[in-house]
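Participant: For reference, the chains in residue letters:
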Amino acid sequence: MSLMSPFRYRLHRTKEVLFGDNEIIYEVLIHHKANLPSNGVQVAWERDEEFIVGKVFVDGDTFIAQGKSAKEFVECVKDALYAAFNVPTKYAEALGGDYRLTPPENEFRDLNNKAIKKSRLVFGLVPTTA
Amino acid sequence: MGEYADVKRRKVLALLKGLGTLPGFKTGNAGKHQWIVKHETWKRPFPVCFKNNRVSKVYIKELDNLVVATMACTKEELDSRL
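Quick mapping for you: the protein sequence lines, in order, are chains Z and B. All residue numbers for the first sequence refer to our numbering, where the first residue is 8 and numbers rise by one. All residue numbers for the second sequence refer to our numbering, where the first residue is 681 and numbers rise by one.
Just so you know, the hints here were simulated from the structure itself, not pulled from any lab data. All figures in this text were calculated on a predicted structure; none of them were measured in a lab. One or more of the hints may lead you astray.
[Claimed, not checked] Here are the in silico distance ranges between beta carbons for each label pair:
1. Tyr33/Z <-> Ala685/B: 41 to 51 Å
2. Ile123/Z <-> Pro703/B: 37 to 47 Å
3. Ile37/Z <-> Ala685/B: 38 to 48 Å
4. Lys62/Z <-> Ala685/B: 28 to 38 Å
5. Thr754/B <-> Glu23/Z: 31 to 41 Å
6. Pro703/B <-> Arg15/Z: 20 to 30 Å
Built from N, CA and C at the ideal position, the CB exists for glycine as well.
Chain B on its own, in the form it takes in the complex (with noise of 0.2 Å):
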C-alpha cells in the first residue's frame, strides 16, 4: 500500500460522483455514515465510510481493484481522479 495515502473525503466524493458516471455504475447513500458504489455485475454494493474527514488507502485500493475488474476504466484514470 506503499504508493497510496489516506484521502480527504471531499476527494473521495468527487471520486465517486465520476464513478456514477461511468456505464453500469451506480453511486449513493446507504446506512448512517456510507457511502455505497453499485455494479450490475457485483453482487453487492461497496461501502466507503464518510464519518471522519479522511477515508483510509485501504478502501481506495480495494475500490480501485474492484472498478479495474470490470474494465470500465483504468487504474490511472481513477488515481487521476484523486
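With the rest of the complex left out, here is chain Z (with noise of 0.2 Å):
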C-alpha cells in the first residue's frame, strides 16, 4: 500500500478501469455488503466557513466527512465508509447501485440549506430485493 497524490490515484484509478482486472465476483461482493454497517449511520454535521463537516459515528467509531455541497457531503460520508470498511473501488461502485444508504428527505433539504448551521441525520439503508 503506498500513499498518493490525488492526480497519481486518479491515474492509477483511470490506468485499473482500462486495463485492470474489472471483474466483479459475487460471493466477494455479498462479503463486503454483509460487512457493511447494516444499521443506521448517525452523522452530526455542521457548517464549517466553505464546508459541512460531519462526524459519522459508526460501530464506536467515528469518521470524518466533508463537502462544499449536501451532495457532496453525503458522497462523502459514503466514500468514507467504503474506504474505512476496507471495500475495494470496483465493488463499491457495484454496491453504490444496490446498497445505498441514504438520509432522508426531510435531513437532506437541512443539508441544502444555510440558515441551518448545525444538525444529525441517519443515513438508512434503503430496502433492496437482491
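Got two chains here, each in a separate frame; can you build the complex from them with the hints?
Facilitator: Listed below in C-alpha cells is the structure:
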C-alpha cells in the first residue's frame, strides 16, 4: 500500500478501469455487503466556513466527512464508509446501485438550507430485492 | 478547535507520508477520494478526504487525537509537520 497524490491516484484508477481486472466476484460482493453497517449510520454535521463537516458514528468508531455542498457531503460519507470498511472501489461502485445509504429527504433538505448551521442525520438503508 | 485551521491538501499528504514511517502505521489510498491511515491497534482505518484543495481542521484534530493515543508520537511532533 503506497500513498499517492490525488493526481497520481486518479491516473492509477483510470489505468485500473482501462487495463485492470474489472471482474466482480459475486461471493466477494456479498461478503463486502454483509460487512457494511446494516443499521442507521449517525452523522452529526455543522457548517464550517466553506465546508459542511460531519462526524460519522458507526460501530463505536468515528470518521469525518466534508463537502462543499449537501450532495458532495453525502457522497463523501459513503466514500469514507467504503474506505473504512475496506471495500475496493470496483466493489463499492457495484454496491452503489444496490446498497445505498441515504439520508431521509427532510434531513437532506436541512443540509441544503444554509440557515441551519448544525444538525444530525441518520443514513438509512434503502431496502433492496437482492 | 480554536488552535486549528483548515490545512492545504499537499501539507496533509506530507503529514500522512511522515505518519507512514512511524512504527505500526500504514498509509494509502482507498475509495474514490480518500487517503487512509491504519494502525495495528485500530479496528478500522481512518479515512481523510482529499477531494477539495483544503482539508477541514476537524480531520486534523481527530487524527491528532487518534495518533497521540497510540503513543507513537506527541501532538507537538505531529503539529510541527503541518
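Participant: For the pair Ile123/Z and Pro703/B, does the Cβ-Cβ distance stay inside 37 to 47 Å?
Facilitator: holds, 44 Å
Participant: Regarding Thr754/B and Glu23/Z, is the given constraint of 31 to 41 Å on their beta-carbon distance met?
Facilitator: holds, 38 Å
Participant: Take the C-beta atom of Pro703/B and the C-beta atom of Arg15/Z, compute their distance, and say whether it sits inside 20 to 30 Å.
Facilitator: With a Cβ separation near 26 Å, Pro703/B and Arg15/Z satisfy 20 to 30 Å, so the hint holds.
Participant: Can you tell me whether the CB distance of Tyr33/Z to Ala685/B sits inside 41 to 51 Å?
Facilitator: Since Tyr33/Z and Ala685/B have Cβ atoms about 47 Å apart, the given range 41 to 51 Å holds.
Participant: Given the hint of 38 to 48 Å, is the C-beta distance from Ile37/Z to Ala685/B inside that range or not?
Facilitator: holds, 44 Å
Participant: Has the hinted range 28 to 38 Å been met by the Cβ atoms of Lys62/Z and Ala685/B?
Facilitator: Hint violated: Cβ distance 19 Å, outside 28 to 38 Å.
Consistency with the previously given hints fails for number 4 only.
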